[in-house]
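We have chain X; now place chain Z onto it with these hints.
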Amino acid sequence: MSEEDARAEADGCLDVAANGSEYAISIRGLRTSFGEQVVHEGLDLDVRKGEILGVVGGSGTGKSVLMRAIIGLQAPDAGEIEVFGQPMVGEEDDEAQLAIRRRWGVLFQGGALFSTLTVSENVQVPLREYYPNILPQLREEIAGYKIRMTGLPGDAAPKFPSELSGGMRKRAGLARALALDPDLLFLDEPTAGLDPIGAAAFDEQTRALQQVLGLTIFLITHDLDTLHAICDRVAVLADGRVIAVGTIDELLATDHEWIQEYFNGPRGRLAHAGSVSIRGEC
Amino acid sequence: MGHFGLPRNANWTSFTSTMNRADFTEEQEGEARSIVLTGSLSLSCLGDMPARLDSVEGPVAAIDLSRIDHIDTVGAWIVHRAAERLDASVKGADDDAGRLIDAVARAGLPEKMRPVYETPLLRILNQIGTAVVMTGQTMLGLLGFLGATIIASWSLIRHPGRFRINAVVQRFEVVGVSALGIIGLMSFLIGIVIAQQGSVQLEQFGMEVLTVNLVGRLTFRELGVLMTAIMVAGRSGSAFAAQIGTMKLNEEIDAMRTIGVQPMEALVMPRIIAAIVMMPLLSFYASILAIIGGGFLCAVSLDIPPVTFVQRLREVVPITDIWIGLIKAPVFGLIIGIAGCFQGLQVRGNAEEVGQRTTAAVVQAIFLVIVIDAIFAVFFTWIGWR
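Same order as they appear, the protein sequences are chains X and Z. Numbering (my numbering) for the first sequence: 1 to 282. Numbering (my numbering) for the second sequence: 1001 to 1386.
Possibly wrong hints are sitting among the right ones.
[Unchecked claim] Derived lysine to aspartate or glutamate pairs resembling EDC-like cross-links, with alpha carbons at most 16 Å apart:
1) 1091/Z - 1069/Z
2) 1112/Z - 140/X
3) 1091/Z - 1027/Z
4) 1091/Z - 1026/Z
5) 159/X - 140/X
6) 159/X - 1111/Z
7) 49/X - 22/X
8) 1112/Z - 155/X
9) 1091/Z - 1029/Z
[As the list claims (entries may be wrong)] Listed next, the stretches of chain Z that the computed footprint assigns to chain X, with coverage defined by at least 3 CB atoms under 8 Å from CB atoms of chain X:
10) 1089-1103
11) 1106-1112
[Stated by the list, open to error] A short list of chain X residues far from chain Z (calculated; beta carbon distances all over 12 Å):
12) 109
13) 165
14) 239
15) 247
16) 254
The hints are simulated quantities; they were obtained by calculation from the structure and are not laboratory data. If you're wondering where the values come from, they're calculated on a predicted model, not measured in any experiment. Idealized CB from N, CA, C, for every residue including glycine.
For reference, chain X alone in the conformation it holds in the complex (with noise of 0.2 Å):
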């Protein structure tokens, strides 16, 4: 069997698997640490399919490592992690593991884009790499219309990363992350750094492609006004574990401190009334 059957297949049998669970990511009783230092204790969080998660929680409370460790760059201590219903701890099957690989995107929070390749390089290197038998032509074109997807001005493609400000870069790995059209995109902070302008853009652009494309995102983030702007629902990551789940209104009803102090602080109250008002004028 050709290897791009044996790729084909794969994808088939984890279309089968994840039409068959209803949670695109579900995590079990997780435990990651560095040494002494857990950083999380038996953390639950299931990701519905199609949906929008904020994750939200103080400094060092291990959002980031968390990601890592759904997407593999962080062995778990113990627990299960499931993505599209295949189990990615100890599992040894490499073909079912690069077809969900194949399925995800990810985009860092400095965009770690591959400084010696131009933007439209950077785009098509996971498409070169899973899928070798694209002509030329038709990969730069698919690179060329996610390149634009992503709101990119149409000079940025050939440009070097050193060469792009800030937000540029991300949108630019942003591209990179939807290259193989996923279903499931991680976001690392993506409007960190950014000005408003540029912040609500990014949000903005991340519905819009969220709506389109059918995709499930796991969004990381500070960034108060873009919980309210376009996550469905927002965990809480706190104590090592999710201390809850739930559309902000519903976390606004219970009475954890951290939650209160969150959102009801003062840059928490403006970003509510504000997007309270923006909905309100649609």
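Positioned in the frame of chain X, the structure of chain Z alone reads:
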């Protein structure tokens, strides 16, 4: 079928339906011809369909999507470009397909995908020209940097309070003490090699005893200092360039300037001073170790006992040989330090540049050391230190 396990709750009937290869047929309806796409129009199931679709010639009235299983943006793009090329309409698209085709069509392509490339001839000419200009600029820059170093040292002499003794001592350790092991071992082995190779040649004239002259004069005059310079350039010159280059990328150097700390004083001077001070010490140490190596070989294979070896050494090696080594060493240290720090400060842009600049620092340092060594050789002979 597959060599991997089926996921739980997978069943084969639904499985086969999801992995249908993308394909198309051409159908003739009266005058109008239409292309009917089938299968899954997604990235993993495309196969050679796009290439075959590209070779279809018009006129085609419509592209029919009513029989496809699944579509993603790549499939949508292929449909979109085929429809544009053949000037055909798209029919039978369900909500998903319509939405995706709209989205990719709205996105379109950037006006330019690649940086501009020139013809090979022009590119080679361009590269040669750029290399010449770059070399000229680098040499000028090095000269300028030497000037900046002298100015910085002058200001340090006038304001000794700004002298960073801790940083300098730390560099002493990194450049000097940590290098003792490797330089010692290398010199010892080189001493053995010279004595061994020399004795083989001198034996033919019955003059093995001259091996002592060979080892003694060669190591003090040339090899001790030259090999040490090459080792320090590789060990420390490269480290200077990489450290300063990375700091440059992290904007640490800009931060320093903003705070009012002069990078020349805080970063460059300690490294250059360390290289200048450590080079003579290291090269003297290297010479001694090479002589021990030579003496070891003489004792083992030429039956010259160590006492005789040392006595003969004192007779044949003039003190000027040691002066020559000790005069050259700090100059080489200065060259290594300047090349490393200068290249480090030239880093701009990306991580690859750090690598390039580090390489350049080492190559430049070794090259200049050998050039200056040649000049010294002529000079010392000229003043009668033969």
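Hints, verified against the model:
no. : hint            : in the structure
1   : 1091/Z - 1069/Z : holds (15 Å)
2   : 1112/Z - 140/X  : holds (11 Å)
3   : 1091/Z - 1027/Z : holds (14 Å)
4   : 1091/Z - 1026/Z : holds (14 Å)
5   : 159/X - 140/X   : holds (14 Å)
6   : 159/X - 1111/Z  : holds (13 Å)
7   : 49/X - 22/X     : holds (7 Å)
8   : 1112/Z - 155/X  : holds (6 Å)
9   : 1091/Z - 1029/Z : holds (14 Å)
10  : 1089-1103       : holds (count 4)
11  : 1106-1112       : holds (count 6)
12  : 109             : holds (15 Å)
13  : 165             : holds (14 Å)
14  : 239             : holds (33 Å)
15  : 247             : holds (26 Å)
16  : 254             : holds (35 Å)
In the structure shown, no violation is registered for any of the earlier numbered hints.
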